[in-house]
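Let the hints inform the model, and build the full structure from the sequences given.
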Amino acid sequence: MSLLWKEIRDSPMLWLLLAVPVVFVAASVAPEAHTVLFILSVLAVIPLAGLLSHATESVAAKTGDAAGGLLNATLGNLTELVIALTALRAGQYTLVKSSVAGAIVTNTLFMLGASFLLGGLKHHTQEFNRANARLQAGLLFLATVGLLVPSAVASRDSGSATDVLHKLSLGLAILLIVGYALGLLFTLKTHREFFASAEHAETEESPWPLGLALSTLAGVTILVALVSEVFVESVQQAAEVFGMTPAFVGFIVVALVGGAAEMASAFSGARKNRLDLSVGIALGSASQIALFVAPVLVVLSYVIGPTPMDLQFPPGVVVMVFLATMTAMFVTNSGRSAWIVGILVLMVYMIFAMTLYVLPDRGHEADPERVGARLGSVPW
Amino acid sequence: MSLLWKEIRDSPMLWLLLAVPVVFVAASVAPEAHTVLFILSVLAVIPLAGLLSHATESVAAKTGDAAGGLLNATLGNLTELVIALTALRAGQYTLVKSSVAGAIVTNTLFMLGASFLLGGLKHHTQEFNRANARLQAGLLFLATVGLLVPSAVASRDSGSATDVLHKLSLGLAILLIVGYALGLLFTLKTHREFFASAEHAETEESPWPLGLALSTLAGVTILVALVSEVFVESVQQAAEVFGMTPAFVGFIVVALVGGAAEMASAFSGARKNRLDLSVGIALGSASQIALFVAPVLVVLSYVIGPTPMDLQFPPGVVVMVFLATMTAMFVTNSGRSAWIVGILVLMVYMIFAMTLYVLPDRGHEADPERVGARLGSVPW
Amino acid sequence: MSLLWKEIRDSPMLWLLLAVPVVFVAASVAPEAHTVLFILSVLAVIPLAGLLSHATESVAAKTGDAAGGLLNATLGNLTELVIALTALRAGQYTLVKSSVAGAIVTNTLFMLGASFLLGGLKHHTQEFNRANARLQAGLLFLATVGLLVPSAVASRDSGSATDVLHKLSLGLAILLIVGYALGLLFTLKTHREFFASAEHAETEESPWPLGLALSTLAGVTILVALVSEVFVESVQQAAEVFGMTPAFVGFIVVALVGGAAEMASAFSGARKNRLDLSVGIALGSASQIALFVAPVLVVLSYVIGPTPMDLQFPPGVVVMVFLATMTAMFVTNSGRSAWIVGILVLMVYMIFAMTLYVLPDRGHEADPERVGARLGSVPW
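Protein chains in written order, with full-length UniProt numbering: chain U, 1 to 380; chain G, 1 to 380; chain A, 1 to 380.
The hints are simulated quantities; they were obtained by calculation from the structure and are not laboratory data.
Treat identical chains as interchangeable: a pair holds within one or across any two.
With a Cα cut of at most 30 Å, we get these calculated DSBU-like pairs of lysine-lysine: (1) LYS189 to LYS272; (2) LYS189 to LYS62; (3) LYS122 to LYS189; (4) LYS272 to LYS6; (5) LYS62 to LYS6; (6) LYS272 to LYS62.
As structure tokens, then:
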């Protein structure tokens, strides 16, 4: 317990933990104060994500290389998964999908770009392990193809098409999960020597004892789930107050909040000229969400959602995910970086953010007729 | 003749030649047994494709380097060409187009991916000649642009647009054939030293005497044409029986059947750690179909088809060809491979196959109104 | 003055300067002779562009490295900017946009491809500086994303959407200009050592004295503006006479005319085996138009245009710009070239040119209903 307390004292971000009890009190006292609840829940998720990430790493460090790597890779985006599951149970599929797509794009562009920029401002040029970057970019590309194709075939006749789309989405989800598992097999087992540097660095901070780590993992996951509930309930009204579209909230705000802890590690790695670590976290996290979190959500939607969720995204979102993947493929190709590369990647992200911010609320769930009209305009 | 017989005895695949007489007997006895005829004709095409391929290589080996290379490159996809010509004469343009697009995608993804996987399962990492891979990928990209643009400009007003599309398709076809010819000039003449390893390996099996090779070439081509006729007539009804869409049959089944012989060589090359050979066959074959077979079919449609054929493909097909080309560009970029690369490429193929299998029958020719509706939904 | 005269005598292209007075006389004598005026104005712009380019380089050479590079980079596409401004003031936004997109595509494909081809016909293989090529391709990619996204979100409901589109276009324009400025900072200041070879070569011809250079710059800019006015007024009727669509004229003809001077330098560099120079001019010019000229036009449209101009391009144009950027990324990736690479790039350009030539006149401004119908068919 004193170790957990030391952790909290050392890391200023963890003072935000104070927001956790406040959000629960506020939610029961003033359930209609959506804007306040939204802000509080965002503030509360950030430190919880940090604790979750550290606890996962600690468990991974204890359980040895292969199992640890597996655990780390599987629970690395637990925050995003829990938030998405909460939205899934509430049937808010637009929020689920935009937060999944947003997490992919934010990790690929914002986390990677800011790492390049922060590292580049300190070091003239930086080198990183191409093998890992290329593999992660390749897996990301595979997932993008999986997202792109069902969206491309979605047809106008909504009758039988929905059924077809659900069957296809389930099949693709299983395929992507298999791909993810094989990717882990490759990096953790058969060809681990290519990924040495990235792996080593991840357990850099002193790990917690196993008991503390496991109980933190369990406890914090529950807290994240509870806070997520407040977040999901308040997000739509709060977004309207701030003049943000739901798409912007899911795509940008949720993604930045959910990835805060990983970003801290990626940025600190870049400053220390360990760009391998940063690239590994950014692209690894993006490909994990695309190949594991998103498919798992599709499969779980059959169990816990009101109706099955498909993998169809609005065309604009597909274009963004595709362009983000292309950007990652392009900039990691040379294995070298300087600050301008970071600017370039960040600007692609800013173009997306700007577009989503300005966009009228396509896909607003409260207005099914508009959604219908939008689906009708899907171009294939 | 005894050489031909030895060939047949040594290669178990050639026992399938027994299906050739059977298919002709069956076609005249029971012309309505579409499912049986379909299966028999598929079985019969596979060994014929193998013989055709060996005969072409034997003639090429006799006629010396430049002419031989030219011959090999031109007749390498003779099976696909003959099947497509048969479908063209029957006016089944959807089948023609989907078999062309399918052959490109299947060679680029299935043949390449399975080579990487089979090679990678035996060898930890493999290297291959990047120069050839890059050139073939570049030619493939050129052809993809040629396919993409007319499909992108196809407009809603069907009146004058059809005319424009035909003019454009013919022009592009000629352009692509010129590009193909210049590509041969480059690899066989001006810069042949860059492609040494790939070329050398192609004439690995002991060549036949010229007379046998030439008569086999002639005789087998005729047999393929006759079997193709049975195949084209039976494919639609058989597909319905198996619950497959015509798109799936053209795209996947025909492509796998037509490419069986080349696949055998590519896979055996990969197992022998001669990945140059595999990559050369897979991408070379894909770019040949895209730059030579498809344009030749457009030109010939003016001579033998009921109406001219254009180069417009449904948007979903264009997306698949484009993504297949991008995949090839990406994975051949490093000149190195391991088993996960094969998995990645194969999974992209499986996503396409799954989508086409599940898809309702867009582009079904028996239903012109639906086709009209589809064309109306072309997005540009 | 005698230096200017020497320049004119030495360079046969400059004899075309005789067309300048002729065009003004013709415009006042026969303002209805659109075809003649069109041809004369094209002929007159070519040598003026050459003088402008030489004058800019001379000023740049005098003012020292950083300031000179900045000046060179900013005024390098002055001809294109002046022509576009004239069309902007006349409210001919389709011409403005297609000339901007055409300049990007023409520089990326025609100038780069012809340089590779001309160099490759003389030298077996050529090498060039990948760092610069990759940076320029990256900047071009950034701009393409900026063009692609607003076109992707353009929605059917034209009411509020126009407003949104204008806000978005203005925001993106400012973002791209900032990106351009940072790119200059990188190449001219913080990482100039990577771009040494390309920069050095640009001031190869003997520079003029500063006074002559400055007055030429001022005088010729005015002449270009005056000639552009004749050009813009005559282009539509002349295009109809020649059977060319306005899209073809803006995309191909204007782009070739405006870039004539730079092409001369790029081609001569390629023949001298200084491919760094050619690639730098071609991609540098393309990225300058995309990141600087186009955004500046958007901003200026608020000041001098009849209505604000947005960054929305027809989908076909977006596809072409995107494919041109992909081509540049692909072919510059290896840092090596041979003649077939030039052929490949040129053929992509020819596919575009052929398509635009054959295309019915989408986007014809004289027919607003058709434009409306087209916008309605924007696919997102």
